[in-house]
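Sequences are here, hints too, so could you generate the full structure?
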Amino acid sequence: MEASAHSARTPAAQPGKKSSRTRSERKLAWMLCAPAVVVMLAVTAYPIVYAFILSLQKLDLRFPEQTEFIGFSNYGTVLSSELWWMDVFNTLIIMVISVGIELVLGMVIALVMHRAIFGRGVVRTVVLIPYGIITVVAAFAWQFAFATETGFVNNLPFIADEKNWFGGHISSLAVIIMAEIWKTTPFMALLLLAGLVTIPNELYEAAKVDGASAWQRFRKITLPLMKPAILVAVLFRTLEASRVFDSIFIMTRGAQNTESVSILGFNQLINRLNLGLGSAISVLIFLGVVLIAFLFIKGFGVKVEEGRPGG
Amino acid sequence: MKVGAREYSLWTIAIALVLIFALVPVLWLLSISLKPPSEITDQRLIPSSISFDNYKSLFEGGWSGPFLRPLINSIAIALITTVVAIFLASFTAYAIARLEFPGKRLILAGALAIAMFPPISTVGPLFDMWRAIGIYDTYLGLIIPYLTFSLPLAVYVLVAFFREIPWDLEQAAQVDGATPWQAFRKVIMPLAAPGIFTAAILVFIFCWNDFVYAISLTSSDNSRTVPAALAFFTGESTFTEPTGSIAAAAIVVTIPIIVFVLIFQRRIVSGLTAGAVKG
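Sequence lines, in order, name chains A and B.
End of the first sequence = 311 in the working numbering, gap-free, step of one.
End of the second sequence = 279 in the working numbering, gap-free, step of one.
Derived by calculation from the structure, the hints in this document are not laboratory data.
Estimated spans, in silico, between C-beta atoms of each pair: (1) A:K220 to B:S48: 51 to 59 Å; (2) B:R44 to A:M86: 34 to 42 Å; (3) B:P180 to A:Y75: 51 to 59 Å.
From the structure, some residues in chain B lie toward chain A, with a derived Cβ separation under 7 Å: (4) A14; (5) I32; (6) M116; (7) F211.
Even glycine gets a Cβ: it sits at the ideal position worked out from N, Cα and C.
What follows is the structure in structure tokens.
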């Protein structure tokens, strides 16, 4: 350990002149990394390959004797079903609206945490509460608040007393989106705050001297300098939102056409035990996530090395 | 800079709005959980009378009751995962933060890719595999996927913290006559502890929160965790909604997390934003 610790501080060895110290350092590094890498791959790389193999079969655990290889026809079934496209549409709607609102709200909260002249500590602490709460619990809280029987929302002014929020497609989705926003805005706000604190204060002072208004300072200094932080935060939240599952499962179980693709996958895999069809859905969801990540990285030039895994 | 009354009141409003936004759903759950069962549907924000019946019925029946076992399962599974994940991740993070080796960037990029991986895509294969090897509906069956998805988080947080540690102090201590073990225990451990603790909190919250695996890979209270158990709560009879018990259970699992968050606020914030943006 000590030998390698020492060489870490020395400049990298010349190519072709690898000392035995560099070699032993590499060996140690790989040994230290191996267990974590194995565990990470065991439950991601291997299962996704396995899911692909399952997806090429007619495989229903209720009728295991009928299992056979059927090529890509499960994909044909999924892609030609109206339900799949409805669920893709729902997932995209939830994703775009919730991430959009979270970005604005998160920015406001980040600014409050950064600039408020008092109470910053309180805000920083309280904002973490939604982050710490189990998503399922948050979903119940919002469901109880909107339900016609138990909810207080219908008692609020300007809201029809008898409105059945979970009786319609749009209003159900609205409540689901609200729950998602509540739960994940803190994370967004904290990521944005991390970007905000890196902006040197002198820039603002200089702009103030030059007579820039608060809005101009925000538009011309804060936003451009925060672009990398914003893109990383949006990428992470978009990918996370594309998995939306817990809130929908708790609030509607997919009633009123509020299913997301994850709920559809779950229903096929676990409720119907149709591993073939369900795996085709799993693989399609995986490809969708890869596509989104690719678009962000190539299209917006997000530097993922600067990012970090979400909470 | 002089603080004008107008600015002061604007900030007060902004802060009040943030507080309301963050707290209302929790207070609503608390309010429902404290209402006597007959008043649960009265739609009042503040209960007219306070009763602990919902909490009592939650723990009725003890071990075979609806809640105690899932609660213990949740705590045990999250704790075991946290310990193992931090143990494995600290090796990896140490190597990444301190050693030069090819494949370093690949490991970091791979960890990031795994953090983005959609869990639902692995649920089918894991369901099938776990049933084949007999760990379906066991602690281990949940701990393994939780480990996979918490390792990237732990590695990133720990790397960010480990990079800040002045490792030269270790050698300085040895020059002063400390043994390598003393140098590690008295110098490095205290410096690394805050980072390790922060990573542990985040991993614990992650495991505590999971729902997809918890309902897909369990089928009974043997290993069902709180989120999954809540989804399957039933009322006293088929026709009564379990609203009161769910609210009480929700409060029981939420209060400790809130206390935790209040105490370790700084750590959590620094962990969540560790390495978020290069400074």
